[in-house]
Amino acid sequence: MDNLQQIKHLYARAGFGLSFDDRKRAGNSSIKHAVNALFRASENEEPINSVPNNIDYSMLIKGDKDSKKQLLQMQRQEEKDLNIAWVNRMSTTDAVLCEKMTLFWHNHFACRTNNSFYAQQLNNIQRANALGNFRDMVLEVSKSPAMLQFLNNQQNHKGHPNENFARELMELFTIGRGNYTEQDVKESARAFTGWGFNKTGEFVMRPFLHDEGEKTFLGKTGNLTGEDIINRLLEQKQTAHFICTKLYKYLVNETPDEVAVTAMTDVFYKNNYNIKPLLEFVFTAPWFYDGRNIGNLVKSPVEFLVSLNRQFYITYQRPEVLLQFQKVLGQVLFYPPNVAGWPGGRNWIDSSSLMYRLKIPSTILNGGLIDFTGKADPEEEAYIAANRKQQQFVNEKVQSQPDWDKFLKTVPANVSKQEIAQFILQPQITKTLSIELSNAADIKTAAIQAVSTPEYQLS
Amino acid sequence: MDRRNFLKNTALASGAFMIPAFLKPLEALATGSLTGYKNLVIIQLSGGNDGLNTIIPYGNDIYYQKRNTIAIKKPDVITLSDMQGLNPALSSLKEIYDQGWMGIINSVGYPNPDRSHFRSMDIWQTASESNQFLTTGWIGRYLDSNCSTCKNPYTAIEVDDTLSLAMKGSKMKGIAVEDPNKLYQTTREPFFKELVHDHSDANLSEDNLGYLYKTMAETYSSANYIQQTSKTYQVTGQYPATAMGNQLKTVSKFINSGLQTRVYYVSLSGFDTHVNQQNQQERVLKIYGDAVAAFIKDLKNTGKLDDTLVMTFSEFGRRVEQNASNGTDHGTANNILLFGGKLKKAGIYNNAPDLSQLDNGDLKYTVDFREVYATLLDKCLDVNNNQVLSGGFKGLNFI
Chain U
7 MDNLQQIKHL
17 YARAGFGLSF
27 DDRKRAGNSS
37 IKHAVNALFR
47 ASENEEPINS
57 VPNNIDYSML
67 IKGDKDSKKQ
77 LLQMQRQEEK
87 DLNIAWVNRM
97 STTDAVLCEK
107 MTLFWHNHFA
117 CRTNNSFYAQ
127 QLNNIQRANA
137 LGNFRDMVLE
147 VSKSPAMLQF
157 LNNQQNHKGH
167 PNENFARELM
177 ELFTIGRGNY
187 TEQDVKESAR
197 AFTGWGFNKT
207 GEFVMRPFLH
217 DEGEKTFLGK
227 TGNLTGEDII
237 NRLLEQKQTA
247 HFICTKLYKY
257 LVNETPDEVA
267 VTAMTDVFYK
277 NNYNIKPLLE
287 FVFTAPWFYD
297 GRNIGNLVKS
307 PVEFLVSLNR
317 QFYITYQRPE
327 VLLQFQKVLG
337 QVLFYPPNVA
347 GWPGGRNWID
357 SSSLMYRLKI
367 PSTILNGGLI
377 DFTGKADPEE
387 EAYIAANRKQ
397 QQFVNEKVQS
407 QPDWDKFLKT
417 VPANVSKQEI
427 AQFILQPQIT
437 KTLSIELSNA
447 ADIKTAAIQA
457 VSTPEYQLS
Chain R
333 MDRRNFLKNT
343 ALASGAFMIP
353 AFLKPLEALA
363 TGSLTGYKNL
373 VIIQLSGGND
383 GLNTIIPYGN
393 DIYYQKRNTI
403 AIKKPDVITL
413 SDMQGLNPAL
423 SSLKEIYDQG
433 WMGIINSVGY
443 PNPDRSHFRS
453 MDIWQTASES
463 NQFLTTGWIG
473 RYLDSNCSTC
483 KNPYTAIEVD
493 DTLSLAMKGS
503 KMKGIAVEDP
513 NKLYQTTREP
523 FFKELVHDHS
533 DANLSEDNLG
543 YLYKTMAETY
553 SSANYIQQTS
563 KTYQVTGQYP
573 ATAMGNQLKT
583 VSKFINSGLQ
593 TRVYYVSLSG
603 FDTHVNQQNQ
613 QERVLKIYGD
623 AVAAFIKDLK
633 NTGKLDDTLV
643 MTFSEFGRRV
653 EQNASNGTDH
663 GTANNILLFG
673 GKLKKAGIYN
683 NAPDLSQLDN
693 GDLKYTVDFR
703 EVYATLLDKC
713 LDVNNNQVLS
723 GGFKGLNFI
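So the protein lines, in turn, are chains U and R.
This note's numbering applies: residue 7 is where the first sequence begins, and numbers increase by one.
This note's numbering applies: residue 333 is where the second sequence begins, and numbers increase by one.
Honestly, I wouldn't trust all of these hints.
Chain U stretches covered by chain R per the calculated footprint, using a threshold of three residues with CB under 8 Å from any CB of chain R [what the hints assert, rightly or not]:
id, stretch
1, 298–308
2, 330–343
Calculated pairs, DSSO-like style, for lysine-lysine (alpha carbon to alpha carbon, straight line, at most 27 Å) [unchecked claim]:
id, chain 1, residue 1, chain 2, residue 2
3, R, K370, R, K726
4, R, K546, U, K437
5, R, K618, R, K405
6, R, K525, U, K437
7, R, K546, U, K255
8, U, K450, U, K30
9, U, K365, R, K525
10, U, K333, R, K503
What the simulated footprint calls covered on chain R by chain U, stretch by stretch (three residues with Cβ under 8 Å from a Cβ of chain U suffice, anywhere in the stretch; the number is not a length) [what the hints assert, rightly or not]:
id, stretch
11, 449–460
12, 492–498
13, 521–528
14, 544–553
Quick caveat, the hints were computed from the structure, so don't treat them as lab data.
For clarity, every value in this text was computed on a predicted model and none was experimentally measured.
Every residue, glycine too, gets a C-beta built ideally from N, C-alpha and C.
Chain U with its partners taken away, still in its complex shape (with noise of 0.2 Å):
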């Protein structure tokens, strides 16, 4: 495999797509020269603050009509504030290795929460951890508003045990499943009573809700608190090869390969749950540029629009429709399904989701116009009941703004449509995809072609 392949694999994978402009600053390096460059790039990265402040409760508890409307509108704009926000901040960061694996985090520790301030809080603790510790960010999150209050800790009383924390974080956390008992979920979630936040979201232990007596965790018997059941947890390798085996396939293939998720675990596991090795020893590793392994991932919704964002320089006038897009296409940030998170791969695409998927690009770099119907999420039926609209109904005009005479800079001279294609493209291209390119009336044209086609939907 030439040097070209393999640094278009490792930004496919380790970002959102090489641009021509990555790929004249990133030159013939060496791979091990590529990869650190992407990790310096990554280190400064800073927080996303869309969302300023926490909500004014003291609105709800006035309690009249028009505060609590303005309430509700005023959570739905910091909502869209809040996902635009970090769409644009992956479409344009040269930190891309942190904000893909902050989106892994997302999906990891999958949470949804009406209070965007909180989303905001535990998005950047997932993306302020994103290359750093497990432990610290498993514990962070452990303590944030967001997760408390989502998988219920703050209601976990002493003699009252609430086990959805507990459970989940052994489950989809750290251990995965049938690596613990029922016991395991009962007495850890003792552990963690007490665990909440005060009205100004700070995490507080409270001590007259927290359960001293003791109790008896994957073997360990004592007075047992949170931080150990989390430290507990981390001792056992399988929490290693759990989270090895999941990055492995959002990095590398679906298919676990066990020879390489054993080399991983090791890995992870000897270096303390520190990520940075972990993804450098994944990234230098001969197997990563297999030829079984490229092109062959599903990019989620946000990976697709993303890339496109990042190839093209796209702007958007009227960015909520970068909302409309992912809602159409399954994937809306900070809205997981459950707190198991996207499944990903395949379910992505079915034949709607597909359709739109090879008709968006199109749209967006001709600023045509889309069609959207689609339902309601479940979320919005308070909202559509109570102001008595029924299903919405919009057909925009895009109004986005690829900047094409960038686009057209930085390709490099001589190169034909083909070559540009193949460019964008991680699969091998067609016969019939040749064919089609070289009846494109020009450059500009045989990008559009080329990213409207199955193959730019795999990374």
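Given the coordinates of chain U, work out where chain R should sit on it, guided by the hints.
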């Protein structure tokens, strides 16, 4: 006169609900030769419809005690039995009920109910346990099962722009068609046409690229089949000019044109009535009732009602007691409404919900919704429900 026209005219000539006895064998033959399939139509009411104000337990005083201002007054209830009656907004369904084409199953739910819209909707659509996360829907798994007629995506059609989880299996998925013509036009863009004809290349292998091309090719040919087949039939029934009316009209077109589809999926939203429930719920119930009544009559006239079963569900019912804003909050068990020409047990299937035995203010379920699904799978979709549902559900006796 070709056969299809002849049959259409015959059906038309037979007019209203009563078909002369001598025409019946011919009608049976006609339905058999056009599709040979029974159709299941699923209607989802999103937002958690208040079942107690839909099928009203007007015979129970507790209902009136708990719902000071939002209870439907006795004289307004359309009585069905001495205990239960219809919300007046559903008046158009009374005629359907009296014909024996409507069934009501009370108190349907599942253990450890979840009151979150999206989670509970997932549970209903995937038929999972309440603490189990499935990534395939129950209709999707029906398509995955070794059902003899399930090889095409159009075996299950959702009349919408996007596909619900219920319709997604791991190998097979249904297809979303809001408007057959629009779908057809989209797939026919010359560039896509060229790509689809690329089959012979290596890209139909088992990897993800192969899967994408296979999905694209299936969409392409399904769009063609649905468009070509459905345009042969013009719906003659009168439908209300609502989105739901149009959707059911489309389903009628699909069924009557002989489309080889087994399952249709339609949804209606607007049922999350926390505030000032009465007007809002009656508004959406009317949309629902009028559209369904038109659909049932239409199918009766075309001789398709005996082969069709309509099931309506919502992700949960609502609390028995009204809240302070003249609305209701998220609850648990709910009723399921059924329609069809061959209901074995029409009318009210089981006891009205027991309002004196509540679980923390919520109705207790007496029928697991998966038993309803099991019945539909076994008796309407002709597949052993064990292939789709895990848990060994026995099924009920309504069809």
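Count the residues of the stretch 449–460 of chain R whose CB lies closer than 8 Å to any CB of chain U, then report whether that count reaches three.
-> Coverage by chain U holds for the stretch 449–460 of chain R (5 residues, Cβ < 8 Å).
Does K405(R) lie within 27 Å of K618(R) when you go C-alpha to C-alpha?
-> holds (17 Å)
Please count how many residues of the stretch 298–308 of chain U have a CB within 8 Å of a CB from chain R and say whether that reaches 3.
-> holds (count 4)
Residues of the stretch 492–498 of chain R with Cβ under 8 Å from chain U, three needed, outcome = holds (count 6)
How does the coverage statement for the stretch 521–528 of chain R fare against chain U, requiring three or more residues with Cβ below 8 Å from a Cβ of that chain?
-> Answer holds; 4 residues pass the 8 Å Cβ test.
Given hint K525(R) paired with K365(U) - CA-CA distance at most 27 Å | The hint holds at about 13 Å.
Straight-line alpha-carbon gap K450(U) to K30(U), limit 27 Å | holds (20 Å)
Is it true that the CA of K370(R) sits at most 27 Å from the CA of K726(R)?
-> Given pair K370(R), K726(R) holds - Cα atoms ~21 Å apart, limit 27 Å.
Hinted pair K525(R) and K437(U), Cα distance within 27 Å = holds (15 Å)
Verify the coverage statement for the stretch 544–553 of chain R against chain U, using a C-beta to C-beta distance below 8 Å and requiring 3 or more qualifying residues.
-> holds (count 6)
Given the proposed pairing of K546(R) with K437(U), does the C-alpha separation stay at or below 27 Å?
-> Roughly 17 Å separates the two Cα atoms, so the pair holds.
Taking only the CA atoms, is the gap from K546(R) to K255(U) under or equal to 27 Å?
-> holds (22 Å)
Checked against the numbered hints given earlier, this structure breaks none of them.
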